[in-house]
Amino acid sequence: MEFLGHLALGFATALSPMNLLLAFIGCLVGTLIGVLPGVGPIATIAMLMPLTLKVDPTGALIMLAGIYYGAQYGGSTTAILLNIPGEVTAVVTAIDGHEMAKKGQAGTALGIAALGSFLAGTVATLVIAAIGAPLTKLALLFGPAEYFGLMVFGLGLAIVLARGSVLKAVIMVVLGLLLATVGTDLETGQDRLTLGIAELSDGVDFAVLAMGVFGIAEILRNLEHPESRDVAVSKIGRLLPSLGDLRRSLGPIVRGTGIGSVLGILPGNGAVLGPFASYALEKKLAKDPSRFGKGAIEGVAGPESANNAGAQTSFIPLLTLGIPPNAVMALMVGAMTIHGLIPGPQVMLKHPTLFWGMIASMWIGNLFLLIINLPLIGLWVRLLKVPYRLMFTTILLFCAIGIYSINNNPYDVYFTAFFGLAGYVFIKLGLEPAPMLLGFVLGRLMEEKLRQALALSEGSFMTFVERPVAAGLLVFAAAVMVIAVLPAVSRSRAKAFQE
Amino acid sequence: MGGLAVIAVAAAAFWLVRDLPGGNGGGMGPGTLPKGLALLLGLLGLALAIGSWLEKGLPLERWSVRGPLLILGALVVFGLAVRPLGLLVAGPLAIVVGAFASSEVRWGETLVFGALMTAFCIGLFKFALGLPIPLAPWLLGY
Amino acid sequence: MKHVLASLVLSLFSGIAAAQAYPTRPVTLIVPFAAGGPTDIIARITGEYYSKTLGQQFVVENVAGAGGTTGITRGAQAKPDGYTIMMGHMGTHGAAPALYANLKYDPVKDFQPIGLVAGTPILIVARKDFPAANLKEFVAKLKDPAAKVKQAHAGVGSVSFTTCTLLTSQLGVKNIVAAYRGTGPALNDLIGGQVDYMCDQIVNLVEQVKGGSIKAYAIAIPERSPALPDVPTTKEAGLPEYQVSAWNALFAPKGVPKEVAAKLSDTLVKALDDEATRKRLLELGSVIPGKAGRSPQALQKLVESEVARWTPILKAAQQ
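Residue numbers (this note's numbering), protein chains in the order written: chain G, 25 to 523; chain A, 883 to 1024; chain Y, 5 to 323.
Hint data in this document are derived by calculation from the structure and do not stem from the laboratory.
Glycine included, each C-beta is placed from N, C-alpha and C at the ideal position.
Be aware that a few hints might be false.
Said to hold, decoys possible - Label pairs and their computed distance ranges (CB to CB):
#	chain 1	residue 1	chain 2	residue 2	range
1	Y	Asp-133	G	Lys-78	30 to 38 angstroms
2	A	Leu-962	Y	Ala-280	38 to 46 angstroms
3	G	Gly-402	Y	Gly-216	51 to 59 angstroms
4	Y	Ala-266	A	Ala-1001	34 to 42 angstroms
5	A	Ala-1001	Y	Ala-280	47 to 55 angstroms
6	A	Leu-962	Y	Ala-266	31 to 39 angstroms
7	G	Pro-492	Y	Val-177	30 to 38 angstroms
8	G	Ala-32	Y	Pro-233	34 to 42 angstroms
9	A	Phe-1009	Y	Lys-274	54 to 62 angstroms
10	Y	Lys-283	G	Leu-373	29 to 37 angstroms
11	G	Gly-402	A	Val-994	23 to 31 angstroms
Claimed, not checked - Residues from chain A shown here face chain G by an in silico Cβ test under 7 angstroms; the list is partial:
#	residue
12	Pro-916
13	Leu-921
14	Gly-924
15	Ser-946
16	Leu-951
17	Phe-960
18	Ala-983
19	Ser-984
20	Ala-1001
21	Ile-1004
22	Gly-1005
23	Phe-1007
24	Leu-1017
25	Ala-1018
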């Protein structure tokens, strides 16, 4: 149980007044910035990184980590209140979370998200401390073929996400996959689907897509239906989850934590799948799946826990291998390097105070988040009462600035407008954006892994069969897709019978 | 209706990637996935169109023009203005254009609000966070 | 006529005066890559010195995209008043013409070179269990088609792509090549043993090599790096023609007033002598150019020779 000793060392470091203060500031600032629509964790960390340059390395990293969690939670807040997911992982939260907000249960949704995240964070911290290092060895077994299997599995999940017709969901997923191919080809460098626009040669930015299809479209929808909007705002309802809510959420939280922790360890952004998997699981386990998509609290509790667990465990590859599993971690690497601390396998040995201090402060950061956010819930909910005609322009401006600041490129703003139009069209046609977003995210990863797997096996598709983990995942994926499609098929059969 | 739109998108995508190599199953090339997906999308769109033609689905809602035009317009205006004219101009411009998308718009209130919001954003993004967003290049040079 | 003359003289004076006073407001330093990468870090370290010495903030603006060309395009088209400069590197000012057909700038003609900042040497690394004990054995395996050696790179246009292409074209071999999106995933699979080797900047690899999760066969510069003193140079290990390092340099758009350019260049020379700046750059494993290599003329010559070097190799690889 030597990890307890390590944790003790870590807490000793993390509980120093300076580091506590830094963690607090990080969480606070991260939350406030992350809440701004259009500004997700990546943008937030990039914006706030210069602030951390003035502090010592350990403190700077603690602050950065705090900013990260804060931004993640802030992003969930925007997802619930405004239906604008700032990051992939917030997309799922937006589905049921925003529905809950529309029913006047915004406070409950936010509260459950905070609590779930905290519990998940606690467990994840223990996981990292106890078995972090050995787990990375496991993760290294995942090669391109295995990842491909995982991604296909994720696609199956995307279909389960659908609220309505399965056919429409599949269409959206495929559309998302197609969008993911925009940009320069990985292997040959040729431009695909870029319409000759240079700014598209790096592909579509997720933030731009999400903002447009979710956020802008939402504004457009609200402008057309002022009646439905006002009703939701006037019924504020409880600010915190009730006991009944807590009871119903416990199972999802536990399951979500498990799923998120495992997926977060996989280098290469496996954490992305966490919330989606949790949502799909909860929907399948629920006694009344039709509640999902209309404001089921399990649909927020599970994914949020998975989200946070994954966010924390995704530090593991960074701290043990020195390899950032996603763009946010890459920024952390940059921050560490600027401080002269180049991450790598030896960080754990050479800088134990830093390593364990960071892990301990992760838990403290989670605690701070809870403390900071629960009172803030009241504030946010009251903000909803601002007359919409003022609010939506504010949201619009923040979106524009936020999107622009990602890459200092006005084209990103134009694309957001374009996707906003697309989102509007989708709403009118009854097509849901969430599966498309998942398809988009998975699409890039999937194609990359597929091409890599085939390149490494010299074009042989047998590689998927020969490697047990990959084969297993693919079979699992097929099973999931069948399960997803089955209800729809039997429903249409039943209808056919009746006629 | 949706089905037709989907088919249109699929056809467009297919046409755009027609020049790329690799769609014959001989090997994976850059064109394989887009072509395959476009094909799949087209088929699905067809299914959707046929399905909605067979059943009596819900009628489509009206489409409004004012909202989308002004909101999207506001974004475009911001994008166009931010680099040459800076936040000082782009901010209020975007707010004013956007505000007109709502039927409840009032001139005076919008202008004041636009100015206030822009000031707040400038304070937040430019000074507190130090982001390199142009403030007013024509006035201050940065 | 008198008025014209007078105003001409006045503007000349104010021009000189302005140049003397430069900078009078913050300067934008465009970094054509995302925050946190090697180029960004080097730019920030340099920018800090400039800010301290010249008394005005040098603000880094990250404009990532298309292998760095988006940011450089913007820099090239900026007003040449000295208030927008950029950090280019081997990719943007050497390999870009060969890789991007619609490149909107000419690395040789459209810039006022300020000076070379730091080079990051390239390492040839392999997974730790690869059956070759040194560079000679490794090259033998590369040349043996039965060995099916697998190379990873971080995407067309990345440093790892161009430098490994140089290696394979110099040796005349063709390997199995797997493309990744970025150094992270590629490195990950290298450590995991899914691929066999990579060529990349020392900054990205130094800790992995020290920790033992991958092994380095050689470093492609004339002298061993203090960051990894046990790694032989390509000269020592038997492949002297493989000399490459990803250099980073500061540029300004063409047409910047002479005094401004001179001031920028002089400050850079001082920056590279400054203890604190040197320390941070060296910690990264980068190589600081000697006095002779720091002049704008040296940089211009480097750009020209790099474009000449990379164009035929990369064009051939794309067939």
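* Asked: Regarding the hint that Pro-916 (chain A) lies at the interface with chain G, is the smallest CB-CB distance below 7 angstroms?
  -> Status holds, d = 5 angstroms.
* So the hint says 29 to 37 angstroms: do the beta-carbon atoms of Lys-283 (chain Y) and Leu-373 (chain G) match that? -> For Lys-283 (chain Y) and Leu-373 (chain G) the Cβ distance comes to about 23 angstroms; the hint is violated.
* Asked: Measuring from the C-beta of Ser-984 (chain A) to each C-beta in chain G, is the shortest one below 7 angstroms?
  -> Check passed: Cβ of Ser-984 (chain A) comes within 5 angstroms of chain G, closer than 7 angstroms.
* Could you check if Leu-951 (chain A) really has its C-beta closer than 7 angstroms to a C-beta on chain G? => violated (10 angstroms)
* To do: Indicate whether the distance between the beta carbons of Asp-133 (chain Y) and Lys-78 (chain G) respects the range 30 to 38 angstroms.
  => violated (43 angstroms)
* To do: Return the status of the interface hint for Ile-1004 (chain A): holds when the least beta-carbon distance to chain G is below 7 angstroms, violated otherwise.
  => For Ile-1004 (chain A), the interface hint is violated, since the closest Cβ of chain G sits about 10 angstroms away, which is over 7 angstroms.
* Cβ separation of Gly-402 (chain G) and Val-994 (chain A), checked against the hinted range 23 to 31 angstroms -> holds (27 angstroms)
* Ala-266 (chain Y) and Leu-962 (chain A) - C-beta distance against the hinted 31 to 39 angstroms -> The hint (31 to 39 angstroms, Cβ to Cβ) holds, given that Leu-962 (chain A) and Ala-266 (chain Y) are roughly 36 angstroms apart.
* To do: Determine whether the Cβ-Cβ distance between Leu-962 (chain A) and Ala-280 (chain Y) falls within the hinted range of 38 to 46 angstroms.
  => Hint holds: Cβ distance 42 angstroms, inside 38 to 46 angstroms.
* Identify whether the interface hint at Gly-924 (chain A) stands, where standing means a beta carbon of chain G within less than 7 angstroms of its own. => Check failed: Cβ of Gly-924 (chain A) comes no nearer than 10 angstroms to chain G, outside 7 angstroms.
* Asked: For the hint on Phe-1007 (chain A), does the least C-beta distance to chain G fall short of 7 angstroms?
  -> holds (6 angstroms)
* Does the CB of Ala-1001 (chain A) sit less than 7 angstroms away from some CB of chain G? -> violated (12 angstroms)
Consistency with the previously given hints fails for numbers 1, 5, 9, 10, 13, 14, 16, 20, 21, 22, 24, 25, ordered from lowest to highest.
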